[in-house]
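A.B. asks: Just so you know, the sequences run in chain order A and B.
The opening position of the first sequence corresponds to residue 456 in my numbering, with each subsequent residue numbered one higher.
The opening position of the second sequence corresponds to residue 3 in my numbering, with each subsequent residue numbered one higher.
Treat the hints as calculated values from the structure; they're not laboratory data.
Hints may contain errors.
Said to hold, decoys possible - Taking lysine-lysine pairs in the DSS-like style, the calculated list, with each CA pair at most 27 Å apart, reads:
id: 1; chain 1: B; residue 1: K340; chain 2: B; residue 2: K306
id: 2; chain 1: B; residue 1: K340; chain 2: B; residue 2: K280
id: 3; chain 1: B; residue 1: K306; chain 2: A; residue 2: K583
id: 4; chain 1: B; residue 1: K306; chain 2: B; residue 2: K326
id: 5; chain 1: B; residue 1: K317; chain 2: A; residue 2: K583
id: 6; chain 1: B; residue 1: K139; chain 2: B; residue 2: K340
id: 7; chain 1: B; residue 1: K388; chain 2: A; residue 2: K583
id: 8; chain 1: B; residue 1: K340; chain 2: A; residue 2: K583
id: 9; chain 1: B; residue 1: K280; chain 2: B; residue 2: K317
id: 10; chain 1: B; residue 1: K388; chain 2: B; residue 2: K416
id: 11; chain 1: B; residue 1: K371; chain 2: B; residue 2: K360
id: 12; chain 1: B; residue 1: K416; chain 2: B; residue 2: K371
As the list claims (entries may be wrong) - Which bits of chain A does chain B cover? Going by a derived footprint, with three or more residues having C-beta under 8 Å, they are:
id: 13; segment: 650–657
id: 14; segment: 663–676
Claimed, not checked - Counterexamples of contact, computed for chain A against chain B with all Cβ distances above 12 Å:
id: 15; residue: G483
id: 16; residue: W505
id: 17; residue: N554
id: 18; residue: S558
id: 19; residue: V572
id: 20; residue: L575
id: 21; residue: I605
id: 22; residue: W635
id: 23; residue: I638
id: 24; residue: A639
id: 25; residue: V646
id: 26; residue: S725
id: 27; residue: L753
id: 28; residue: T757
id: 29; residue: Q760
All residues carry an ideal CB built from backbone N, CA and C; glycine is no exception.
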Amino acid sequence: MKSNTLEAAGQRTISVGRLFSRLWENSGMIVVYVVLFVLLSIFVPYFFTWRNMIALALSISMLGMVACTMLFCLASGHFDLSVSSIVALSGVVAGVVINGTGSVILGIFAGILAGGVFGLLNGVIIAKAHINALITTLAMMHIARGFAYIVSGGQAMSIGNTKFFGLGNGIFLGVPSPIWITIACFAVFAVLINYTTYGRNTLAIGGNIEAARLAGINVDRIKIIIFSAQGLMAGFAGVILASRMTSGQPMSAQGFELNVISSCVLGGVSLTGGIAPIHGAIVGVLIMGTVQDAMSLLNIPTFYQYVVRGVILLIAVMIDQIKQHRSGKPT
Amino acid sequence: MTSFIEFRDISKQFPGVQALNEVSFGVQEGSVHGLVGENGAGKSTLLKILSGAHPPSSGSVLLNGQEVAFSSPRDALDAGIAVIYQELNLVPDMSVAENLLLGHMPQQRGFINRDKLLRTARDMLDYLTESIDPNVKIRRLPIAQRQMIEIGKALLHNAKVIAFDEPTSSLSGMETEQLFKIIEGLRADGCAIIYVSHRLNEIFEVCDALTVFRDGRLIETFDRMGSVTHDMVVSRMVGRSIQDIYGYRPRNTGEIVLDVQAVTGPGVSEPASFSVRKGEILGFFGLVGAGRSELMRILYGVQKASAGRVLLNGKQVVIDSPEKALNVGIALCPEDRKLEGIIPVRDVKENINITVRKQFVRAGFFLNKARERANAADFIAKLQIKTPSMEQLAGNLSGGNQQKIILARNLSIKTTVIILDEPTRGIDVGTKSEIYRLIYSLGEMGMAVVVVSSELPEIIGISDRIIVMSKGRIVAEVPRDQANEEDILHHALAGHGNGESDKGEAK
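Next up, chain A with everything else stripped away, as it sits in the complex:
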């Protein structure tokens, strides 16, 4: 989105060089990802195999789902740090309800709803009490994690009903269900951000909140929707995680919130709001997952993997900075 002047120039004279530079300016990280993918396929044994591709996709499914709603959060100029704890809490809640009532459907709904309640609380506090989103969701991160331990009694709780496992472990057309769910989420949220008033108003709020308010946008309501959706999505992701692990684990998903935010930023989503391409979130999640997967295949020790992840994030934002600087802005 930063390169509209270039884009306009590109439309006048279409040459190969212009076309490439336009692609680079608009979707630089996609180019980076394609190159990365090809290199890894050539040099890392077992990387480009069906089995590994499925494993890779499965490993990023939860990240991808929550990145969809985090994209809206970031687009509006906010953060949500509470998603990791909500994932854990909703998994636990689903487990308790399934074990207590014997109903899988009820358990799934209870888990998602628990996430939604916390999201709604986040939204109401941020919009109506005007508390900074960082602080609000930081507090909610602790509160939700606490409830996850309280509800589960501090233990991982096994879920007895095997029908529940189908949600996270089912296979359709040779591909595990979480991958289908993630693809569906990306499709839905791509439509939401690009083709609905909700998406466009979210970007307007992130771009200039006062202007958005004066233009007649109900800013408070949209903020509440954004955080509620984030809570519901984290709840859904938590329920799927519980299904895959066949248990609700109160200590799961630690640090997950920063992975989600990093992925989005990696793909070119602005931390200050207003700029949030969906393809950015997708490619960010893919890069995160792919690098992780390749490092595991190469047997790189876990400790080093942290370092590599951090370095990649830094390089990505630096590339973005350089690109922005070069495209310049006339006044």
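Could you slot chain B onto chain A? The hints should help.
C.D. replies: This is chain B only, laid out in the frame that chain A set:
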């Protein structure tokens, strides 16, 4: 005589835009050099190059005969060049003293020497003849005083070259006079001053030399102002001659549309009552802080009214949010375009459609992109918005074009009352008259138009009737045929006789 600062063949290209084309001129020590030109003529770009914010694509800047190349505003400042921009670079939650000495606070064994900090700040405020407490936070000062602080900052850097970008756009008449005194002092001290303004009266009052820009080119430099006339300057700016920039068109007015009865609220201390008729253009004049914008913000639902009622077409309406105001048919183009109007990171098309798009949606939810494009294209053509495409980011356009975008946004929807708060602030003469013509046509279309402005000639030039505010209350109402600058200013100054002691109060 050689120039103290000289621009030699400066060109600057941005992707798709030639912002400056081989511009050469010089400014001498102890002189004030005016820069005029329409929006997008290249003045701001030149200042950005001078300040080191942008490097030139080609050409060079010479300071005292030496070629200089700054890689950052900090470099330029260290070399004694300060540029004071329209949008001020102050830290709102720090004190006046801290802002004045930001980055250069006096230290003692690693700690800030507060006594010296306050002393230096006080000396500077005295020099600027501002009676501000150096401990007060910037946030609590009105824009006019913030500007003075910005000037003080430059002076504390011992700047020898000072460039002002539209310095008076938010100053009242008195404050402008004060600024001119300071500029005269700087000139006497041998500074080279560059003065960018759209207000030709000021240019003629303060400048010793003048350069006119148009479309990124230098059209003419007048080394001496003696024989230069307004008309000469305007004709070079727009490439044609303008007889009367207001071009007032009388209209028939209808019944009362908006009837405001005894409204009070934040910034409006005494009950304000007024009404506007269909097709009428009602001007609101007052000094900065008189409560005009505050009253408009109450009517638009940004602030809550504490008392009073508002009748629209004879029916009482309760407006507690801008959304509600727009729904009943009251629109507002806000005073501060940058802060409250434009969404800089989104494109022109989106900025125009932001309010209207919920009327275009399909299935209550999905954008109708075709209609949005058509609406944007329609207004870009109708209002002559200058943009390479409707996908251009709004933040990349000039002030006048941004103002047109906000107008387009409000004209896209059906409104009965439109409030324009400082519609021509920081906008060049040519675009100004375009906006005036637009305002008349709004009246002709049957809207009730309220225009708020601190430019007295403008208010007198375009309004059918003028309401004057002072210190939070309505003090006078003057019909067009009785309006003259002296009387109106007299009303506006009423209650301001007791010195400047209360100037620092929060807006």
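A.B. asks: Any Cβ of chain B at or closer than 12 Å to Q760/A, or is the non-interface label fine?
C.D. replies: Fine: 34 Å to the nearest Cβ keeps Q760/A off the interface.
A.B. asks: Should the label of I605/A as a non-interface residue stand, given a Cβ cut-off of 12 Å to chain B?
C.D. replies: The claim holds: I605/A sits with its nearest Cβ about 39 Å from chain B, beyond 12 Å.
A.B. asks: Take a quick look at I638/A and tell me if its Cβ sits farther than 12 Å from every Cβ on chain B, holds or violated.
C.D. replies: The claim stands: I638/A keeps its Cβ more than 12 Å from every Cβ of chain B (closest is about 21 Å).
A.B. asks: Is the Cβ of T757/A farther than 12 Å from every Cβ of chain B?
C.D. replies: At roughly 39 Å from the nearest Cβ of chain B, T757/A sits farther out than 12 Å, so the non-interface label holds.
A.B. asks: In terms of Cβ atoms, is chain B entirely out of 12 Å range of V572/A?
C.D. replies: holds, 25 Å
A.B. asks: Below or equal to 27 Å on CA atoms is what counts here, so check K280/B against K317/B.
C.D. replies: holds, 15 Å
A.B. asks: Are there three or more residues in the segment 663–676 of chain A whose C-beta lies within less than 8 Å of some C-beta in chain B?
C.D. replies: Answer holds; 10 residues pass the 8 Å Cβ test.
A.B. asks: For W505/A, is the shortest beta carbon distance to chain B beyond 12 Å?
C.D. replies: Holds: least Cβ distance 37 Å, greater than 12 Å.
A.B. asks: Given the hinted pair K388/B and K583/A, is their Cα-Cα distance within 27 Å?
C.D. replies: violated, 39 Å
A.B. asks: Check whether the Cα positions of K416/B and K371/B lie no farther apart than 27 Å.
C.D. replies: holds, 20 Å
A.B. asks: Could you check that no beta carbon of chain B comes within 12 Å of the beta carbon of V646/A?
C.D. replies: violated, 8 Å
A.B. asks: Decide, holds or violated, for the assertion that all CB atoms of chain B are farther than 12 Å from the CB of L753/A.
C.D. replies: Check passes; 39 Å lies beyond 12 Å.
Violated hints, in rising order: 2, 5, 7, 25 and 26; the structure is consistent with all others.
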